[in-house]
Amino acid sequence: NAGVTQTPKFRILKIGQSMTLQCTQDMNHNYMYWYRQDPGMGLKLIYYSVGAGITDKGEVPNGYNVSRSTTEDFPLRLELAAPSQTSVYFCASSYSLADLTDTQYFGPGTRLTVL
Amino acid sequence: EDQVTQSPEALRLQEGESSSLNCSYTVSGLRGLFWYRQDPGKGPEFLFTLYSAGEEKEKERLKATLTKKESFLHITAPKPEDSATYLCAVQRGSQGNLIFGKGTKLSVKP
Numbered sequence: 417n418a419g420v421t422q423t424p425k426f427r428i429l430k431i432g433q434s435m436t437l438q439c440t441q442d443m444n445h446n447y448m449y450w451y452r453q454d455p456g457m458g459l460k461l462i463y464y465s466v467g468a469g470i471t472d473k474g475e476v477p478n479g480y481n482v483s484r485s486t487t488e489d490f491p492l493r494l495e496l497a498a499p500s501q502t503s504v505y506f507c508a509s510s511y512s513l514a515d516l517t518d519t520q521y522f523g524p525g526t527r528l529t530v531l
Numbered sequence: 275e276d277q278v279t280q281s282p283e284a285l286r287l288q289e290g291e292s293s294s295l296n297c298s299y300t301v302s303g304l305r306g307l308f309w310y311r312q313d314p315g316k317g318p319e320f321l322f323t324l325y326s327a328g329e330e331k332e333k334e335r336l337k338a339t340l341t342k343k344e345s346f347l348h349i350t351a352p353k354p355e356d357s358a359t360y361l362c363a364v365q366r367g368s369q370g371n372l373i374f375g376k377g378t379k380l381s382v383k384p
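If you're matching them up, the sequences are chains L and D in order. Just so we're aligned, residue 417 is where the first sequence starts under this note's numbering, counting upward by one. Just so we're aligned, residue 275 is where the second sequence starts under this note's numbering, counting upward by one.
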């Protein structure tokens, strides 16, 4: 299994541009997450999904959108990029059953710079 | 407000010098506490999950413990390859969301 894969690894955007960060997992996990990590800060949850067709906001959703059409894929869309969105973005997935704690497995990250 | 605080922010050890990293938390309805290791330029790598106070887990030179208010990651006789940032996170409720601390950056010198 490749686990959680993310593309691209690096990207530079100009202010106002849009892009989609791709995330795919091959572990048949039902839960998927998007986090951002700023220097010296903990990971912050942007959006998450509990299954295909179901998404919900996390702690810092403004300026982002997500969709979940399949179990495997969970793309993150940035519309009108701003310098405040410069960060490292991590996708994660987990297999969750009711009343059981699940372990999240992370992808390698996408380093995004908005100039 | 749910919160996770890790200390120290940075820790420099000599090879073989044992120490502990601390993760204190305030969260309602704790489902689990997670430890991750993160190397520069990479995603967090899962180490341990602890579910209840008194629980302990070990992996090579690492041992994680949990009380009702904090968790410790003990590192015994560390080696330079243990150098990394160690992240603590708590999971609450039924949604699976994790709340992360800022991490402890560990440097082990030969």
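One or more of the hints may lead you astray.
Here are the computed lysine-lysine pairs in the DSBU-like style, where the Cα-Cα straight-line distance is at most 30 Å [said to hold, decoys possible]:
#1 D:LYS333 <-> L:LYS473
#2 D:LYS343 <-> L:LYS425
#3 D:LYS333 <-> D:LYS343
#4 D:LYS337 <-> L:LYS460
#5 L:LYS460 <-> L:LYS430
#6 L:LYS430 <-> D:LYS343
#7 D:LYS331 <-> L:LYS430
#8 L:LYS430 <-> D:LYS337
#9 L:LYS425 <-> D:LYS316
#10 L:LYS473 <-> D:LYS337
#11 D:LYS376 <-> D:LYS316
What the hints contain is simulated information worked out from the structure, not anything from laboratory work. Predicted, not measured: the structure shown is a model, and the values here were computed from it.
Going down the list of hints, with the structure as the test:
Between D:LYS333 and L:LYS473 the CA atoms are separated by roughly 35 Å; this puts the pair beyond 30 Å, and the hint is violated. A distance of roughly 37 Å separates the Cα atoms of D:LYS343 and L:LYS425; the hinted pair therefore is violated under the 30 Å criterion. Distance hint between D:LYS333 and D:LYS343 is fulfilled; the C-alpha atoms sit about 22 Å from each other, no more than 30 Å. The straight-line distance between the Cα atoms of D:LYS337 and L:LYS460 is roughly 26 Å, inside the 30 Å bound, and the hint therefore holds.
Proximity of L:LYS460 to L:LYS430 is assessed by CA-CA distance (about 23 Å); at most 30 Å being required, the pair is judged to hold. A threshold of 30 Å between alpha carbons decides the hint, and for L:LYS430 with D:LYS343 the separation of about 44 Å lies outside it, so the pair is violated. In summary, the hint linking D:LYS331 to L:LYS430 is not supported, as the alpha carbons are separated by about 46 Å, beyond the 30 Å threshold. Annotation: proposed proximity of L:LYS430 to D:LYS337 is violated, straight-line Cα distance about 45 Å (limit 30 Å).
Restraint check: the Cα-Cα separation between L:LYS425 and D:LYS316 comes to about 10 Å, which is no more than 30 Å; the hinted pair holds. Straight-line distance between C-alpha atoms of L:LYS473 and D:LYS337 comes to about 34 Å, which puts the hinted pair past the 30 Å bound. Between D:LYS376 and D:LYS316 the CA atoms are separated by roughly 16 Å; this keeps the pair inside 30 Å, and the hint holds.
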